[in-house]
Amino acid sequence: MNVAIFILFALLCLGGALNLLLQRHPINSALSLIVVMSSLSVLYLLLGAEFLALAQIIVYSGAIMVLFVFVIMLLNAGEEERTHGSRAAYFAGIPGVLALFAVLAGTFVTLRLSFGGTRLGAFLVTTGDLSRVLFRNLLLPFEVTSVLILVAILGAVVLARKEH
Amino acid sequence: MTPSLYLWLLPLFPLAGFAINGILGRRLPKAAVSAVALLFPAAAFVQVLWIVARAHQGLALPYLERFATPWIAVTGFHANFSFLLDQLTLVMLLVVTGVGLVIHLYSVGYMAAEDGYWRFFSYMNLFLFFMLTLVLAANFLLMFVGWEGVGLVSYLLIGFYYTKDSAANAGKKAFIVNRIGDFGFLLAMFLLIAHFGTLSFREVFANISAHPDLQGGFLTAIALLLLLGATGKSAQIPLYVWLPDAMEGPTPVSALIHAATMVTAGVYMLARAHVLFGRSPLALAIVAIIGAATAFFAATIGVLQTDIKRVLAYSTISQLGYMFLACGVAAYSMGIFHLVTHAFFKALLFLAAGSVIHALGGEQDMRKMGGLRKKLPVTFWTMTAAVFAISGLFPFAGFFSKDAILAATFETPGEKILWAVGLVTAGLTSFYMFRLWYMTFFGSPRYDESSAGHGEHGPHGVHESPWAMLLPLVILGILSLAGGWIGWPAALGGHDWIAHFLDPVFTSASNAQLVVPSAADFRLERILAGVSMLVALFGWWLADLMYRRKPQLADSAEQKTRPLYTPIWNKYWVDEMYGAVIVRPILALSRNLLGRGVETGIIDGANTAMTATASGASSGIRRMQSGNIRSYAGWLAAGAAAVLIVALYLSHSF
Amino acid sequence: MNEPMTPSMIAFSPALRILPEILMTLTGVLVMLVEAVLKPRTSRKPLGIVAILGTLAAIAASVYQLFLPAGTAFFGTVQSDAFSVFFHLVIGCIVLVTLLISLDYFEGHTSFVGEYYALILFGATGMMLMTCSVELLMVFISLEISSISTYILAGYRKRSATSPEASIKYFLLGSFATAFFLYGIALCFGATGSTNLYEIAKGVADGASPLLLTVAFGMMLIGLGFKVSLAPFHVWTPDVYEGAPAPVVGLMSTAPKAAAFAVLLRIAYGAFGTAIHIWMPLVWIMAVLSMTIGNLGALTQRNVKRMLAYSSIAHAGYLLVAFTALAPMGIAAASFYTAAYAAMNVGAFGIISYLSGYNEARTSLSDFAGIARRHPVAAAAFAVFLISLIGIPFTAGFFGKFYVFTAAINSGNAWLAVLGLLNSGVAAFYYLRLLAQMYMVPVEPPREADTAHARPAFILAMAILVLAVFALGIFPGRILDLARAGAATFSGPANAASQTVPVALLRR
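Protein chains in written order, with this note's numbering: chain P, 1 to 164; chain H, 1 to 654; chain G, 1 to 508.
Bound-form chain P, shown alone (with noise of 0.2 Å):
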C-alpha cells in the first residue's frame, strides 16, 4: 500500500517538474511547480516526516505558489520566446546529466543492501524530535538563516527598484 502510494506521487512529481520545463506559457509552469511540492509533501509524510510534510503544503504549495502565481498575472507576462538552442548543452550538457545520473544510480544500486531496509511509514519524526534538532544542535545555522533571508531581501529590493 504504503509502496503503491510512494510510486504514484514520486512519478507525479517527477511528471510535474517535466512539464514544468517544458510548458512555454509560466502560468502553466507554476500550476506544475504546485503539483510538485504537493507530492513532495505526500513523500515526506511517508518518511514520518509529519511536521515538514505540512509545512511544505503551508509554505510552498500555499503561500509561495501564490506569490509566484500573483506575479506572474500582475506582470501579465506572456509566452516565452524560444531561442537558439546551445551546442554545448546537446553536445556536452545531455551526455554529462545523463552520466551523472548514471553514476549516482550506480551507486545507490551497489550500495542497495549495505544500506539496509526500512518500511515506509513505520517511524515518525515527532515535533519534539524536529525542534530538538533545529533549536539545540542546528541553532546557530537556524539563526543564521536569518541573515540569509535578509540578503535576498535586499538583493530583491536592489533588482526590482529602477535607478532613477
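Wrong hints could be hidden among the right ones.
[Said to hold, decoys possible] Quick list of simulated restraints, FRET-style, between CB atoms: (1) G:33 - P:114: 28 to 36 Å; (2) H:67 - P:135: 52 to 60 Å; (3) P:157 - G:478: 18 to 26 Å; (4) G:60 - P:19: 19 to 27 Å; (5) H:67 - G:41: 36 to 44 Å; (6) H:66 - G:36: 17 to 25 Å; (7) H:282 - G:60: 39 to 47 Å; (8) G:53 - P:156: 24 to 32 Å; (9) G:41 - P:135: 40 to 48 Å; (10) H:67 - G:159: 53 to 61 Å; (11) H:588 - P:106: 37 to 45 Å; (12) G:193 - P:106: 18 to 26 Å.
Derived by calculation from the structure, the hints in this document are not laboratory data.
All figures in this text were calculated on a predicted structure; none of them were measured in a lab.
Ideal placement from N, C-alpha and C gives every residue a C-beta, glycine not left out.
Assemble the complex: chain P is given as a structure, and chains H and G must be docked to it using the hints.
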C-alpha cells in the same frame, strides 16, 4: 668575534638612490638627479674598498652576516636573510660596484639629452641593488631574489625607449627567455630543499662534502637545472637568443647589464655551486661543451653582423662561452678571472661604441662609419686597447685570462677538441673585432656629416664626447691593458695572484690548481700561449687584409662562400625555429582550443555567425538570450560527470 | 560531540566564538537603518564609513579570538582557532580595502549605495562563518549568504547591459553548483550519519562506505570548485568578471574564494584526512587543468578584465597544487597563497576601477596604452600588482608560489611543480603585455573619459595593498607563522584546544 662589516648597507646604498630618484626624480633638477645617482653607487664602492682593506689586514674569510633568522621557515625547511663574504664575493663586489660606478658616470654624459633621465638612473641604481643582493646572498633563495630582480630591471631598461616597438618586444623576449632559465633554477632549489632541507650555500656544500659517496644521481639533476638557469641569464645555447635583441636598450645599459655584470651572473652561480658540479662529471662536461659550442657559434655570427652593438652582443655571448668552458673544466678561478677582465674590456667596448654612436647621432650601422680615427681620438685609442684586449694580444688583459682558460682546457684530459674549438674561436674573435675596428675608425668616412650630431644643440658635425664620457673610457682603457696582470701566469714569470687569491674558495673542487707545476708544464704553457698569440695575430692580419688593404676581397669572399654565408647571415634561423616550434603552437593552442573552441565555437557558434552581421548594439541582447547560460550549464554538468567518474575510477584503482 | 570542558571554556560566552560575524551583521543592520534616515540624493559616504569602522571592529575581534583557547561552540557547529582567525583576517582585510575603494566609486552613479555596503557586510559575514564552521549545514547556509550577496553585487552597474547579465549568469550557474554541494552533504550524512566534520572524519577513518564517500567528496568538490572557479567549472568566470563592477570583481575574486578554499581545506584535510587517496588524484588533475586552461585562455585575451579572470582561474590552480602536499605544510602553503593572491588581485582590480571608472571607460589592452605617462602613480601600483602576479621575488606572489611548489615537491609531487612552473612561465607573457602597454606604448591624446583623480580613501586602500604585497614578499614570517598555527589545528578539536601557539605568536 669578527667585527661587523655592515654588509647590509652595501645594497641599501643604491636602493636609497633608486628610492630618491624614483619618487622625487621627476621634480628634481637634472644636476641633483645625477648627484644622487652617482653618490650612492660611489658610497657602495667606497665601502667595498674599505672591506678590501679590512680583508688585506687579515679579516677572516668567509664571513657571514645574518639579519633575520629565520627569514622564512616552512615545515622541513628554513632560510635566513644572510650575506656571505668570501674571496669570490669580494672579486664580484669590486667588479659590480667599480665598473658600475664608472658606467654611471658615463651615463651622466650619454643620457644627458634623453627624456626620463631620472627614470633611467633610478632603474640603474635599482639594478645595482639587485646585483649586489645576488652576489652577497648566502643562500640560493636570496640569490634567486637578486637573480630575478636583475632580470626585471634589465627588462625595464631594455624597453627604456618605449616609443620603439622593437624595444618593447626585445624586453619581453629577454624576460620570457629568462623565465625558462628561472624555471630550471627554481626546480633546482626545490630539489635542494627536498634533499637537504636547506638552501644555504654553506650547509648544502658542507653536506655534500661530508658524504663522499654522493655522486651523480640527483646531484646531476640539480646541477643540470642550475645550468639551465645559468644559460638563461648568461645567454648561452640554447637560451642565448635574447641578448642580441637586448641591444635595443641604451648603450650604458648594454655595457653594465648585458656585458659586464648581469650576464656574468650565470658564471658566478656555476662557480658558487662548484662543490655541487664537482660531484657530477656529466654536468661539468655539458657545461664545458655548451661553453665551447656557444663561444664558437656566437663568434661565427659575429663575423657578419654590421650593427656595431650587435657585433659586441655576439662577442659577449662568445666570451661568456669561454667562461663556461673554464667552469666546465673545473678551472673556476680562470673563469672568474676572465669574467673580471671581460668586464673591463667589454664595458669599454660598449662605452666606446656608445661614444661613436653618440658622435654620429645615433647611427649604429658600421657600414655607415669609417675614418673616425682622427675625429674621435680618445675614443679611438681606448677602443684600441679594448680590441687588443679582447683579441688576446699580449700584454693586454684578455690575453692572460683567455690563455689561462685555453691552457686549462688543454691540460684537462680528453678535452683537446674543446681546446681546438676555443682556439679557432680566438682567431674568429680577433678577426671580427679588428673588422669592427677597421670599419669604424679606418678607411674613408661613409657617414652623412650633416645628419650627425647629437642632442638639442642641433646638428653640428661629428664631435668627440664630453669628458664625463671620456674619463670612464680612459679608466677602463687602463684596466683593459693592466687589469690582466693580476693573473700573470707563473709560466711567464708572474705570480698568478688571482688564482691564489681565489684558491680558498675552490680548493675543494679543483685539485688541478694545487699541483705544483713542473718545468715541463711551464714549457707547455708557454707554447700554448705562443700558439694563441699567433692565432690572434692571424685574425688581425686577415681583417687587415679584407677591410683595409683590399676591401673588395670581403665582397668576393662573400660571393664565393654563399652556402656558408646565408645561414650565418640569418643567424642560423634559430629565432625563427623557436618561433615555429614553441611560441606559435602555444598561441595557436590558446586561440583555437580555448579561444575559438570553448569561448565561442561550441558555445554559441550559430549565434556568432548570425549576429556578426547584425549591428553592434545587438551584442548585449544577443548574449542575454543566446544559449550561453545553457551551454555553460551543459559544460558544468559534463565537468561534474567527468569529476565523479574520474574520482570513482581513481579511488578504486588504488 | 566531545566539547573540551576546561575551566577557561566555561568562563566565556559562546558568542565570543562568532564575535566578528556578530559585529559584521550588526554593522550591516546599522547601515540599513541609517540609510533609511538619510535624505535621498545626499552623499552615502557616512554609510561607507560606518561599514569601514564595523569591519575594523570585526578584524580586531578576530585578533582577539587568538587569545581564546581554540574550541567549538553552539553544539559543535563553529570552531574558532588560528585557522579561522587567519581566514577571518584575510577576508576582513579584503572587505576593508574593497569598502575603501568603493567609497567614491559609486558616488553619484547609483542610488543603492546603502544596500551595496550592507550586502558587502552581510556577504562577509557569510564568508567568515564559512571559515569557522565545522558543521556542513552551517557551511551551506553561510555559503548561500556569501553567494547570494555576490550575485547581486555583480549586477550593480544596472545601466550597462553586461552587468545584470553577469549577475543572472552567475546566479543561475551558482545555484546549479550549490545544488551539487548540498547533495554532497546529504551523501556524507548517508555514509557517516552526521554532518559534523569531526564525526565525518571518524566515519571516514572507520572505513564507512568508501564508494559513497567518494561520490560525496566529488559532489562537494564540484560545488566548491565552481565557487573558486577551478577548471572544468570555470566557464562562468570571464563573463561574470567582465560584466561586474571592478571593485566587486576584486572582492568576489578573492574573499569568497578564500572562504571556499578554507572550507575545502577543512573538508579535505579535516574530514577526509584519512582518505587522501580518494581526493589526491582528483585534486592533482584539477590543478593541472586549471593552471593550463587559465593561462592559455589569458594569453589571447584583449579585454583586461577577462584576462585577469583567466588568470584567476590559473591562480586557483596554483593554490590547488598546495592541496597535494601533506597535511600541515599543504594547509599552510594554501592559506598563505590565499592571502598573497588576495593582496595582489584586489589591488589589480582596484586600479582598474580607478582608471576606468564606473562607466568602464577602459576595457581592452590598448586602452591602457601609455597610462604610465598620465597616471604614473596608479601605473606604478598596477605594475607592482602585476609583477606580484607574475611571481617576481620580493613580492607576495613569489613567496606564495614558492611555498606552494616547495610543499608539492616535498610531498613527492615533483611533476606537478614542474607543470606549475612551466605555467607560470607562460603566464608572465600576458602580464607583461599589459605592463608593456602601460609603460612602453606611445601616449595617445587624452580622451574625455579620462577624468580619474584619486581620492584619499582610494589612495589609502592602494597603499595598504602595495605594502601588503611587499610585506608578504619580504617579511612573510609572521603571516606564515599564523598560517602554520592554523594548519596545526587540524588534528582534531581536543588537540586544537590544547595548543597555545596563537597567543605566543602575538607576544613574539
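Hints and how they fare:
1. Hint check: residue 33 of chain G to residue 114 of chain P, Cβ distance near 54 Å, so the stated range 28 to 36 Å is violated.
2. At roughly 57 Å, the beta-carbon separation of residue 67 of chain H and residue 135 of chain P lies within the given 52 to 60 Å, and the hint holds.
3. At about 42 Å, the beta-carbon gap between residue 157 of chain P and residue 478 of chain G misses the expected band of 18 to 26 Å.
4. Checked against the given bound of 19 to 27 Å, the beta carbons of residue 60 of chain G and residue 19 of chain P, roughly 55 Å apart, lie outside it.
5. Between residue 67 of chain H and residue 41 of chain G the CB atoms are about 56 Å apart, so this pair departs from the stated range of 36 to 44 Å.
6. Separated by about 60 Å at the C-beta atoms, residue 66 of chain H and residue 36 of chain G break the suggested range of 17 to 25 Å.
7. Separation of residue 282 of chain H from residue 60 of chain G is about 59 Å and departs from the stated range, judged on CB atoms against 39 to 47 Å.
8. In this structure the hint that residue 53 of chain G and residue 156 of chain P lie 24 to 32 Å apart at CB holds, the actual value being about 28 Å.
9. At about 45 Å, the beta-carbon gap between residue 41 of chain G and residue 135 of chain P stays in the expected band of 40 to 48 Å.
10. The given range of 53 to 61 Å is respected by residue 67 of chain H and residue 159 of chain G, whose C-beta atoms sit roughly 54 Å from each other.
11. Checked against the given bound of 37 to 45 Å, the beta carbons of residue 588 of chain H and residue 106 of chain P, roughly 39 Å apart, stay inside it.
12. For residue 193 of chain G paired with residue 106 of chain P, a C-beta distance near 22 Å keeps the hint of 18 to 26 Å intact.
Hint check: violations occur at hints 1, 3, 4, 5, 6 and 7; the rest are consistent with the structure.
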